[in-house]
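In order, the protein sequences belong to chains A and B. Residue 1 is where the first sequence starts when you use this note's numbering, and the numbers rise one by one after that. Residue 1 is where the second sequence starts when you use this note's numbering, and the numbers rise one by one after that.
Simulated from the structure, these hints should not be mistaken for lab results. It cannot be assumed that every hint is accurate.
[Claimed, not checked] Here are some chain B residues pointing at chain A (derived, C-beta under 8 angstroms):
| no. | residue |
| --- | --- |
| 1 | M85 |
| 2 | N148 |
| 3 | I285 |
| 4 | V420 |
[Claimed, not checked] In silico SDA-like cross-links for lysine to any residue, where the CA-CA straight-line distance does not exceed 25 angstroms:
| no. | chain 1 | residue 1 | chain 2 | residue 2 |
| --- | --- | --- | --- | --- |
| 5 | A | K117 | B | A416 |
| 6 | A | K117 | B | L425 |
| 7 | A | K192 | A | P210 |
| 8 | B | K219 | B | M49 |
| 9 | A | K329 | A | P233 |
| 10 | A | K329 | A | F310 |
| 11 | A | K117 | B | Y428 |
| 12 | A | K186 | A | W244 |
| 13 | A | K117 | B | G442 |
| 14 | B | K438 | A | D46 |
| 15 | A | K192 | A | W245 |
| 16 | B | K438 | A | L119 |
| 17 | A | K117 | B | L423 |
| 18 | A | K329 | B | N123 |
| 19 | B | K244 | B | G394 |
| 20 | B | K438 | A | N122 |
| 21 | A | K117 | B | K244 |
| 22 | A | K117 | B | R437 |
| 23 | B | K219 | B | L338 |
| 24 | A | K117 | B | I429 |
| 25 | A | K117 | B | N123 |
| 26 | B | K244 | B | A378 |
Yeah, the Cβ is synthetic: ideal placement off N, Cα and C, and Gly gets one too.
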Amino acid sequence: MNTFGDPTIWLPFVFAGLMGVSILIYVVLDGFDLGVGVLFPFADEDEKDRMIASIGPFWDANETWLVLAVGLLLVAFPVAHGAILTALYLPVAIMLVGLIMRGVAFEFRAKAPAPHKRLWNNTFFAGSLMTSLSQGFMLGMYIMGLEWTLANAAFSLLTAVFLTVGYSFIGATWVIHKTDEYLQRKAVDWAKGGIWGLVLGIGLISAATPLVSARIFDKWFSWPEALYLSPLPILSAVLVVWLWWMLRRMPFAADRWSWLPFAAASSLWVLAFIGMAYSFYPYVVPEQLTIYESASAPESLFIILIGTCFVLPTILAYTVLAYTVFRGKATELRYD
Amino acid sequence: MMETLLLSRIQFAANISFHILFPTITIALGWILLFFKIRYNQTGQDRWMEAYRFWVKIFALSFAMGVVSGITMSFQFGTNWPGFMEIVGNIAGPLLAYEIMTAFFLEAVFLGIMLFGFSRVPNWVHTGATFLVAFGTLMSTFWIIVLNSWMHTPQGFEMRDGVAHATSWFEIIFNPSMPYRFTHMVLASFLTVSFLIAGVSAFRWLIGGRTEGVRVALKTALVAAALLMPVQILVGDMHGLNTKEFQPAKVAAMEGHWETGGNVPLILFALPDQEARENRFEIGIPNLASYILTHTWDGEVQGLNDFVAEDGTILHPRVAPVFWSFRVMIGTGIAMLLLSWTACFMMMRRKRGVEGLPKPMLYALVGMSFSGWIATLAGWYTTEIGRQPWLVQGVMTTAEAVADVPAPMVLGTLIAYLVVYALLLSAYIYVIFYLARKMSRGEEIGTRVAPSPKAVPKALPAE
């Protein structure tokens with residue numbers, strides 16, 4: 001167990017990394033299917049069916065990444081898990097009710113009698129919206145150090161709106177990839193309308209984060225750290241400009257490059273996430289608890305790590321398999 | 001603080017009660033679907049695939065309900081019960097992590113292929129996906145039962161500075177009550193699903209949907225129920241003896257038995273009075289409890305009064321809920337045994353099969369569609385309330401784990417959850433019978449139009 005040095009140092013670090021990867025995969029994957037839900041009111045009835053078909057085989061596995069992320073927080077940093085979730089009691093409850101509503105609406109809208117379908121479509125939209133907004137709110141509160149003050153709540157309301165628009169943006173790029181013809185052109189318009197949410201969101205969080213904490217301020221603006229950090233804003237700006245340039249010309253002939261906006265949007269998430277992870281490390285509860293202080297016992301982490309080494313690659317492999325089986329344009333989902 | 005504790009307990013009980021309804025269906029239904037699929041592969045008969053197609057929809061619906069209500073619980077550990085992970089997180093954590101990694105992803109990813117992949121992947125891949133989903137649900141059951149059983153019969157750990165540390169994972173996983181509880185739960189799932197399939201199939205048969213698919217489903221379900229019911233009674237008895245050894249206070253509450261002594265009667269009816277520490281209106285069969293619990297007629301059984309500390313602190317659960325939920329479980333189980341055996345006897349008589357079932361029998365089966373839920377919930381109430389005041393038997397109490405969230409806030413979320421759950425449960429039951437009626441009218445669920453990437457689908461796509 002001591003092969004790599006002190007296990008109370010490297011084990012928490014590895015688990016923080018695993019948790020970060022899970023959260024990142026979650027916000028990209030569930031981000032697009034939540035976004036599709038948020039976009040529901042802009043689509044007509046047939047388009048709604050097509051949009052559901054584009055996420056139907058995936059949403060369940062996408063949400064499992066949230067379970068894994070929270071699970072890793074729970075098992076690797078139990079004290080932090082308690083502190084974060086009790087502080088965020090109400091937004092978590094709203095998110096959970098939202099997740100319940102949208103999850104069951106997938107099934108009910110297809111199985112309930114036709115006159116009820118409208119109701120379940122609305123449930124799906126409302127659930128997706130509640131989930132996105134409350135996640136954005138939690139993000140804002142987290143950045144503000146989980147302190148319930150009026151100013152922090154106001155800031156968190158802004159991040160709630162921006163994250164929701166950001167999700168709808170990545171949702172739109174997914175629809176561009178998975179559909180064609182009229183709906184695809186519509187989705188290009190949605191993406192053009194939603195990109196500002198992402199830009200403003202990343203901008204607002206980037207502006208607020210160093211102001212909240214002097215420690216983060218130093219991390220960002222001291223030499224030579226600022227140099228190492230500079231690729232993040234530069235690459236993000238390039239991606240945004242490129243996305244805008246691309247969206248204005250889409251769709252291309254023969255549906256070429258329809259996957260590119262989604263890939264570029266995902267890359268933007270990745271960059272933003274790396275920035276956040278860099279800023280908050282080594283804290284898991286901002287400015288209060290580090291990953292090293294709140295980690296579980298090394299022998300418990302080690303037994304999880306052994307399993308993870310075998311299981312995580314397998315999970316990734318069969319996730320890729322599922323996306324391969326259902327690749328291409330979304331068609332009607334059928335049981336036979 | 002007391003109010004927060006009580007409200008948090010009610011909220012968790014509501015969540016976990018709602019949640020367990022759906023895994024109870026999917027654990028066994030996955031394997032029954034695999035059985036239908038394998039029979040189809042072997043015989044090539046469409047009736048097996050007909051049964052598969054109908055029940056896979058119920059599976060998908062139940063699965064979604066189980067997933068979303070399960071996510072809720074993983075968050076409530078943190079929002080309402082942070083003390084649990086702080087004290088026993090080193091043991092509960094890895095078990096939960098293994099459940100997520102080995103089970104949740106397996107189920108969630110292959111579910112897509114199982115539901116929508118029949119025409120997209122080779123037949124063997126589809127059968128394989130069905131197997132992996134069924135296997136995933138069973139793995140999930142295994143890990144969560146390991147953790148739950150450890151909370152009842154903890155071992156393989158030591159306390160350092162008030163925090164539990166694992167010393168032997170083998171002892172933790174194979175703790176004394178785990179094999180009994182796991183078998184009991186898996187059988188409960190198979191029985192619940194058998195009665196659900198029998199009930200819904202009887203319903204379809206009654207309203208005229210007499211297809212071959214309905215016939216094989218009804219027959220499979222009744223035979224499975226009749227065969228498994230006696231096994232479940234045997235396993236339940238063994239589970240009870242195990243509980244008597246490790247959690248005697250729970251057994252005393254189940255039996256409504258106050259004073260330690262021999263020649264204990266089996267109490268059929270009583271109103272346990274916790275304050276007076278006696279039963280009112282007691283009706284019992286002499287010596288039978290002694291025989292069931294010790295397998296001798298005059299065996300000594302520990303009573304509840306042994307679990308009161310010197311200073312008057314009560315270290316046993318509230319008696320009435322444990323006493324009554326145990327009787328509800330047993331009563332439902334006996335009704336399930338009688339009904340399934342009578343039905344099988346009727347089918348065997350002159351080998352008339354499903355045609356041999358008279359109308360009253362079919363009505364009774366429809367009425368018993370959700371009997372498995374009642375028995376399963378009653379059983380869980382018995383064992384979980386029976387563990388109180390402990391959260392982890394002898395290690396930490398429930399009160400030590402609760403979060404200091406203001407009581408009105410917990411009340412608010414509790415009401416919200418209850419409303420959502422009541423609506424969803426009604427919708428779930430309604431949709432099952434709606435689908436059954438629709439199929440019986442010969443309407444397919446989903447259209448027959450060949451899927452084309454260019455056409456905008458008009459049908460119900462999320463099936």
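Would you check the hint for A/K192 and A/P210, treating anything up to 25 angstroms between C-alpha atoms as holding?
-> The hint is violated at about 29 angstroms.
Quickly compare the C-alpha distance for A/K329 and B/N123 to 25 angstroms and report which way the hint goes.
-> Status holds; Cα separation ~22 angstroms.
Measure nothing beyond the straight line between the CA atoms of A/K117 and B/K244; if it is 25 angstroms or shorter, mark the hint as holding.
-> It is violated: about 52 angstroms lies between the C-alpha atoms, which goes past 25 angstroms.
Holds or violated: are the alpha carbons of A/K186 and A/W244 at most 25 angstroms from each other?
-> Roughly 15 angstroms separates the two Cα atoms, so the pair holds.
Given the proposed pairing of B/K438 with A/L119, does the C-alpha separation stay at or below 25 angstroms?
-> Holds - the C-alpha atoms of A/L119 and B/K438 are around 20 angstroms apart, at most 25 angstroms.
Holds or violated: are the alpha carbons of A/K329 and A/F310 at most 25 angstroms from each other?
-> This hinted pair is violated, its Cα atoms lying about 33 angstroms apart.
Residue hint B/N148, partner chain A, criterion CB-CB below 8 angstroms | Status violated, d = 16 angstroms.
Compare the distance between the alpha carbons of B/K219 and B/L338 with 25 angstroms, and conclude whether the hinted pair is satisfied.
-> Within the cut-off at roughly 16 angstroms; holds.
Restraint status (C-alpha distance of A/K117 to B/A416 at most 25 angstroms) = holds, 23 angstroms
Does B/V420 meet its interface restraint, that is, does its C-beta lie within less than 8 angstroms of any C-beta in chain A?
-> holds, 6 angstroms
Below or equal to 25 angstroms on CA atoms is what counts here, so check B/K438 against A/D46.
-> Measuring from Cα to Cα gives roughly 22 angstroms; hence the hint holds.
Restraint check for A/K117 with B/Y428, where alpha carbons must lie at most 25 angstroms apart | holds, 14 angstroms
When the structure is compared with the earlier hints, violations turn up for hints 2, 3, 7, 9, 10, 21, 25 and for no others.
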